[in-house]
Structure formats: structure tokens, C-alpha cells
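Trainee: Sequence:
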Amino acid sequence: MKVEAAWLRDFARRYTAAWCSREAARVAASFAPNGSLSVNGALAAGRGAITEVAQGFMTAFPDMELQMDDVRIEGDRAVYHWTFIGTNNGPGGRGHRVRFSGFEKWKIGEDGLIAESLGHFDSAEYQRQLERGVEKSR
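35 is the number that numbering that gives the first Met the number 0 gives to position 36 of the sequence shown; each next residue is one higher, with no gaps.
Any given hint could turn out to be false.
Unchecked claim - Label pairs and their computed distance ranges (CB to CB): (1) K1 x E130: 40 to 48 Å; (2) T82 x T58: 33 to 41 Å; (3) G55 x D121: 16 to 24 Å; (4) G94 x G74: 37 to 45 Å; (5) G91 x R13: 27 to 35 Å; (6) R131 x P90: 17 to 25 Å; (7) R93 x V2: 36 to 44 Å; (8) D75 x E134: 21 to 29 Å; (9) T58 x H119: 17 to 25 Å; (10) N88 x A114: 30 to 38 Å; (11) A16 x R131: 14 to 22 Å; (12) P61 x A4: 30 to 38 Å; (13) R131 x G45: 15 to 23 Å.
These are calculated hints, taken from the structure and not from any lab test.
These numbers were taken from a predicted model, which means no experiment stands behind them.
Every residue, glycine too, gets a C-beta built ideally from N, C-alpha and C.
Turn these sequences into a full structure, and let the hints steer you where they fit.
Mentor: What follows is the structure, encoded as C-alpha cells:
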């Protein structure tokens, strides 16, 4: 599928809204049935596994918010840049606030859904924020 900029921006807004809905299945519905999401190398294949990954973040951060920073076409991929904000008040959480940014490189399938997403964020900074909070980790 040839991706147009306006279509991509609309898709990315809906994807962001799905994360902010705190309904993990809505996030997974943005992916093809056999699509995959890799977060810092950890692979989740299929909507069920993607739902579990999304639910993990939603449970750990009940007040989570995802902001879309940018989305653009780069070659045969789309690159979605985001910022995640939330308080780690889920089970076992320390109550620290986090704010970290990352990106996902998407391959969009012929069905207009994400066939493959390669996501990355600074895991060391994320761990520091989980332990100390965003204000004290800088």
C-alpha cells in the first residue's frame, strides 16, 4: 500500500487515541491480525500478544498518556515519534512519574494496518525514571 502523508497522520492520531483510551485491544486493532510489535527487541507477534504488551503499560501506568510528536514517511516505512507520560502506580509500582520519548518504524500492509512495528526508547533512562521519577533522574 502506498502511504499518503494525510492518511498517515490520521492513522497515527487514531493509534495515539487507542493508547490513550487505555483499551489494549484498540491498540492491537491497529495491527494486521498477524502483525508484530517489537519494543527494544522484545517481539510480540499477533494481536493477542500485542494486546498483552499494551495492557502491561496500561496496568503499570493507570494514568498513562501517549502524545504523538511526529509521523513521517521514510522510504518504504512510516516513522511515528511519541512521548509517554504516566505515574507508575500499578501493581508493584513505586509511584514515580515518567516521561520518555521513543519511536516506532512501521511497515503498513495492503490492508492499511501495521504489519510490523519496530519500536525503541532509551531503556536506561526509563529504568532511572521508574526508580527516581522524571524530575530526579535528570
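Trainee: Against each hint, give a clear statement of whether it holds in the structure.
Mentor: Hints, one by one, checked against the model:
| no. | hint | verdict |
| --- | --- | --- |
| 1 | K1 x E130: 40 to 48 Å | 45 Å, holds |
| 2 | T82 x T58: 33 to 41 Å | 20 Å, violated |
| 3 | G55 x D121: 16 to 24 Å | 18 Å, holds |
| 4 | G94 x G74: 37 to 45 Å | 42 Å, holds |
| 5 | G91 x R13: 27 to 35 Å | 31 Å, holds |
| 6 | R131 x P90: 17 to 25 Å | 20 Å, holds |
| 7 | R93 x V2: 36 to 44 Å | 40 Å, holds |
| 8 | D75 x E134: 21 to 29 Å | 40 Å, violated |
| 9 | T58 x H119: 17 to 25 Å | 22 Å, holds |
| 10 | N88 x A114: 30 to 38 Å | 34 Å, holds |
| 11 | A16 x R131: 14 to 22 Å | 30 Å, violated |
| 12 | P61 x A4: 30 to 38 Å | 34 Å, holds |
| 13 | R131 x G45: 15 to 23 Å | 35 Å, violated |
Of the numbered hints listed earlier, those contradicted by the structure are 2, 8, 11 and 13.
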